[in-house]
Amino acid sequence: MLIVKNLKAKIGDKQILNGIDIKVNAGEVHAIMGPNGSGKSTLASVLAGREEYEVTEGTVDFSGKNLLELEPNIRACEGIFLAFQYPVEIPGVSTVNFMKTALNKIREYRGLSSLDAVAFLQLMKEKMKLVEIDQSLLSRSLNEGFSGGEKKRNEIFQLAMLEPKLAILDETDSGLDIDALRIVANGVNKLRTKNNATILVTHYQRLLEYIVPDFVHVLYKGKIVKSGGKELALELEAKGYDWIKGDLALAE
Amino acid sequence: MSTATLNKTVEEKMALAFDQLSGQKNSNREEAFRDFQKLGLPGNKSEEYRYTPITRALEKNFNFEQQSFAKSTITSVEEFLIPQLESNIIVFINGIYSKEFSRIISPDTEIKISDLQSSLENKEALPYFDKYPKTSTDPFVALNSALWQNGIFIQVPAQTKVVKPVLILHVNDAKSSSLVSHTRLLLVLGESSEFTLIEKSISIGENPIFHTFSEEIIIKENASFDYVKIQNDEGKLHQVANTLINQSSVSKLNTFTLTLDGALIRNNFNIVIDGENCESHFYGLYLLKGNTVADNHTVVDHLKPNSFSNELYKGVMDNNAKGVFNGKIFVRPHAQKTNAFQSNRNILLTDTATINTKPQLEIWADDVKCSHGCTTGQLDEEAVFYLRSRGIPLDEAKAMLLYAFAFETLAAIKNEVLKKYLDGLISKRLNK
Ligand SMILES: Nc1ncnc2c1ncn2[C@@H]1O[C@H](COP(=O)(O)OP(=O)(O)OP(=O)(O)O)[C@@H](O)[C@H]1O
Ligand SMILES: [Mg+2]
Chain E
1 MLIVKNLKAK IGDKQILNGI DIKVNAGEVH AIMGPNGSGK STLASVLAGR EEYEVTEGTV
61 DFSGKNLLEL EPNIRACEGI FLAFQYPVEI PGVSTVNFMK TALNKIREYR GLSSLDAVAF
121 LQLMKEKMKL VEIDQSLLSR SLNEGFSGGE KKRNEIFQLA MLEPKLAILD ETDSGLDIDA
181 LRIVANGVNK LRTKNNATIL VTHYQRLLEY IVPDFVHVLY KGKIVKSGGK ELALELEAKG
241 YDWIKGDLAL AE
Chain W
253 MSTATLNKTV EEKMALAFDQ LSGQKNSNRE EAFRDFQKLG LPGNKSEEYR YTPITRALEK
313 NFNFEQQSFA KSTITSVEEF LIPQLESNII VFINGIYSKE FSRIISPDTE IKISDLQSSL
373 ENKEALPYFD KYPKTSTDPF VALNSALWQN GIFIQVPAQT KVVKPVLILH VNDAKSSSLV
433 SHTRLLLVLG ESSEFTLIEK SISIGENPIF HTFSEEIIIK ENASFDYVKI QNDEGKLHQV
493 ANTLINQSSV SKLNTFTLTL DGALIRNNFN IVIDGENCES HFYGLYLLKG NTVADNHTVV
553 DHLKPNSFSN ELYKGVMDNN AKGVFNGKIF VRPHAQKTNA FQSNRNILLT DTATINTKPQ
613 LEIWADDVKC SHGCTTGQLD EEAVFYLRSR GIPLDEAKAM LLYAFAFETL AAIKNEVLKK
673 YLDGLISKRL NK
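Quick note, the sequences are listed as chains E and W, same order.
Its first residue numbered 1, the first sequence is counted upward by one per residue in the numbering used here.
Its first residue numbered 253, the second sequence is counted upward by one per residue in the numbering used here.
Isolated chain W, as found in the complex (with noise of 0.2 Å):
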């Protein structure tokens, strides 16, 4: 590195690594990157970043000069399946599509996945393609929108239901070298279908990773749609998610986020509820520890009227970990009849660990039920000795409360082998 380049902003880093997409350069990855560079990354003022250090994170650890085409060199993705699931496999190394590693089981009358790049060429993706992220407001997703590698693009069509799961690996291999990877994926789910999609970051290496990943997620009329997000790499891990589900009439959506360990995570999660009689809940749960900072922006969007959607994220936090709660729940105008719920739960385990925790709701109809609630507090002492009185030693009688407490946003997961996955992470956090 020159000590010119030293002198740089991320931002010029940034810059120059968008010259060299040379190629694959188009009019939106253009528009997307003029977006980026009027918001900049986010400074010590941002009010959405304000307790989430990212940028300096940035600053410290990466040089954006290139693109990365970092090698990698696992020969296997076995370790990072789920046990028993049978499931379509996506798989994403440092940000590019792997043939190799990927493996569609379920007939392509029930699901059709494409490259993303192609299906812009051929104009099948373009109605949906960027349709819902808005470049303009967050520099992130502008970023991922100018500067995206691989993508993929799944359509499931109308009146169908998707047997098995699809499970879309992100293997970030930071072995040999820092790492930036920028991936996509745009899903479109036919009316009255069904479809369950489970995401999981792996990270490997000792360096530092930033990945960003955007997702446009379509459910058209009647369709359901489940999905779980799996964030448990013991690298380090930068990553900004950015999920925007848009939800038509008498859809129903289940969502399971659960963040376990990375260095600095930041989910964007976007529900835009624009259709009547939709039913929508979403939970999360963030078991940190180390110095793991896990920030989830929520925003639940009511343009219609009669929907429900109930929001619930809890979270526990050891050691010097860091999480951030922001949920904001908008109601506009025409969506009378809406019931809107979201709770925000929080125990701190240790005086070093925090929790920002910030519920907004925005209500233009009248007529509605909404509600939200936010705690934060510390394990139960009178049930810790309870326990303990009856023979439970003290790290087992934590862990068995904390279960307990996380347990329930588990509550939406309709699959038997994935939920005991699930449970499995859970259990193997608390009882370290």
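Chain E extracted, bound-state conformation (with noise of 0.2 Å):
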């Protein structure tokens, strides 16, 4: 589904990622840990479009699409989702009202009616559900005044609204209580199907025993410099980013 090859990207002078491979197939979970500032949101914010970061290498295939050719909003047509690691407060406009017209959008991309006004409230109702969402913080503006939490909640409920085929989720753990944190990872889980891949983003193992990922890939100063099964998560937990760092100097 996604084929990233050799992916290098800068913003400015700084060149943030040195050459990242990846392939992730459908019905995948791919779990991506590292350390802060090695470059993951980078990386996801490449994938999803986002144009301050200029592409100086490498192709993305997804799909048998080139994915880098595409506009930010095309690629989210196309199936891709970002749930992001600071999501933005964006004052005036509902959820609600926002949801409808980027549904719509998707849909029309894809040769699919519009929902009416009743077809959109009853898919809400029921995804609202999925994910343990109240409808108060979904009229309110989008994220604005949320918590932390709330934000994260939020991403996910888009996330189930657009049933994309590739969903990047960035940190959407990080912050989340206990309980918050199960319903998220359950909720990601019901939407998984054999015909779509989530790549996770995280710091912590914890995620990864709700999600259980097939493959974990360490990335490092913007290259992915381990990858393996999920015992390499367990394995970093242990042992810290140092044995990793510790590896790759001996290499040197």
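Derived by calculation from the structure, the hints in this document are not laboratory data.
Incorrect hints may have been included.
[Stated by the list, open to error] Cross-link-like lysine to aspartate or glutamate pairs, in silico, EDC-like; alpha carbons within 16 Å at most: (1) Lys684/W <-> Asp647/W; (2) Lys650/W <-> Glu71/E; (3) Lys190/E <-> Glu28/E; (4) Lys100/E <-> Asp526/W; (5) Lys427/W <-> Glu458/W; (6) Lys650/W <-> Glu89/E; (7) Lys504/W <-> Glu486/W; (8) Lys650/W <-> Asp526/W; (9) Lys413/W <-> Glu473/W.
[Said to hold, decoys possible] To be clear about the criterion: a stretch of chain E counts as covered by chain W if any three or more of its residues have a C-beta under 8 Å from a C-beta of chain W, and this derived list gives those stretches: (10) 81–87; (11) 104–117; (12) 220–226.
The beta-carbon is built from N, C-alpha and C at its ideal position, and this holds for glycine as well.
Dock chain to chain to rebuild the complex, using the hints, since each chain is given by itself in its own frame.
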């Protein structure tokens, strides 16, 4: 589904991604871990199409299309979804209206008819239940004054509404209380099918107990320096990143 | 045009125009014109017109030697009305009241509408007329007082609610030649009355138009007035609108000024709160594009204690458009316990768009709550990306954010049909 080859990206003069290779198939869950500032969010942003980052080398193929050529909204229509590490607050735009516009854009792109108000509300109710989010939150301005956890939950609600092929969750677990973590993880699990895939960016093994990954990658200084199965996350938890940094220093 | 006239200044040309008034001249007009001559048109150094190159625009585009009585060819005003809004309609065409197109549907027990000149002659309007505009301080107020062609006198009797609003249309038809027009309104709201006024200017044709409009509005005790001004001219309109509102105790005032188009628009908006326990909300929204210059100069003058005023003006400037906001709040020594707030927020969409904003707070009373603030910024790129990442195209994402920014200024509009219309104008502009 997603094939990233030798992806390099910079912002201004600062090189952040230094040749990333990753391949995600339908049905898989990949976890990306790595120390602060290693480039995880940058990778997620480049995949979602943020224009501040300049791709200097490499290719990204998404279901046979050259992803890097597509506008961010077309990427969303093609099935990419990024749950932001820091969702922005947008005063004056309610989540309900915003989701209705977004969903209908994506449906239009996929050749489906627009949902009318009734059908939309019904779908919304169903998805609200799935991620246990309160209606009152959704009728407020988008993320405005939301607590950290509420913002994350709103991201997962949007994920549930838009049903992407590839969901990239950037530290969605950070800032969630224990119950919320379980609810969010449950939501993600229920949305999994053999046709979609998930990339989880996380610092914590705990999320991976709920959403079990098929692969774990370690990103360090803009490169994937180690990949493995779910046991790699446990090993990182036990040993910390110095272990990997040490290995790399030896190899150099 | 002879070579002699080419060398004349605009002021000299206007003097010739004033001489031609002959029959209509009276001491009021003569005094006003003397004031105009003393003040002259604002030069480069003029404090009040510093950012608004109106004198240059007038020099370049107009020949003022004669009052223009240009004929209009329009056959209907239907397309200029507000759809589905039941309202009284007062139409000025090229500065002249049009009996043909005006339509009064409210009973005359609710509202009295008459020709201003006749009402001055029979002395009915005299107690109110020219009491408030200070011809000695602003050249365009003076010019309008000297040269106004036609005017309307509206009276709302005490204890009366005017159910249907009044819509004033200023139609300026410059299809065949450039046009200069000056119109006038005198409005008196009796004690405990309620009234809504909507005002819209319409420009036709490609030739330049210069229109001045002065309105004096007197709100007596416990009356309530809603006022909406719509400036959405696709033509080459140069407009100076002088609004002077005087509020008595316990009166309520809501205003909304929407500026979308025109060549050069200057709104002189003066509110005198000459009573206690008044409540006033002033909203303004300017969404500018092309080379439009729009300048909102507002003055809120608290003379008496215990009143509340809140002013919110917002602007979005695209292309080479230029916005100017100047908001003065005066709180006079007697006006203790005044609450007065002001805010001006701007978004610039291009590097060539500009805004000059200047809040001015002058407080002589010591027990008051006042604040002002102004901000200027760009559209939040993070927010744009967030919306795009959910499938919304760039233009629509921008429009959505700008609409969210602008919408707040519609807060005081109670009439749902009117609100929907304004909302539509705003959306249309933002989704261009
Ligand atoms: N807009 C930017 N301007 C300058 N530097 C940037 C920008 N965005 C990211 N960086 C830098 O790129 C590096 C990688 O940042 P990124 O946010 O991708 O890290 P991360 O792996 O997601 O970290 P964390 O675990 O803290 O979220 C950091 O050093 C960061 O400061
Ligand atoms: Mg990050």
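Query raised in the report: Do the alpha carbons of Lys427/W and Glu458/W lie within 16 Å of each other, as the hint requires?
Result: Cα-Cα ~6 Å, so holds.
Has the given pair, Lys650/W with Asp526/W, been kept, meaning a C-alpha gap of at most 16 Å? violated (42 Å)
Regarding the pair Lys413/W and Glu473/W, is the alpha-carbon distance no greater than 16 Å? Holds: Lys413/W and Glu473/W sit about 14 Å apart, inside 16 Å.
_Can you tell me if the segment 220–226 of chain E counts as covered by chain W, using C-beta to C-beta distances under 8 Å and a minimum of three residues?_
Per the Cβ count (0), the hint is violated.
> Taken at face value, is the distance from the CA of Glu28/E to the CA of Lys190/E at most 16 Å?
Replying inline: holds (14 Å)
- Would the pair Lys504/W and Glu486/W pass a check requiring their Cα atoms to be no farther apart than 16 Å? The given pair, whose Cα atoms are some 33 Å apart, is violated under the 16 Å limit.
Self-check item: Distance restraint between Lys650/W and Glu89/E, which requires alpha-carbon spacing of 16 Å or less
Solution: Roughly 15 Å between the alpha carbons, so the hint for Lys650/W and Glu89/E holds.
Coverage claim, chain W over the segment 104–117 of chain E, checked by counting residues with Cβ within 8 Å (three needed) | holds (count 3)
Point to revise | Distance restraint between Lys100/E and Asp526/W, which requires alpha-carbon spacing of 16 Å or less | key: violated (48 Å)
Legend entry - Restraint status (C-alpha distance of Lys650/W to Glu71/E at most 16 Å): Distance ~15 Å between Lys650/W and Glu71/E Cα, so the pair holds.
Pairwise hint evaluation, Asp647/W against Lys684/W, where the allowed Cα distance is 16 Å at most:
Holds - the C-alpha atoms of Asp647/W and Lys684/W are around 9 Å apart, at most 16 Å.
Mind checking, does the segment 81–87 of chain E have 3 or more residues with a CB under 8 Å from chain W? holds (count 4)
The structure fails to meet hints 4, 7, 8, 12 from the earlier list, while all remaining hints are met.
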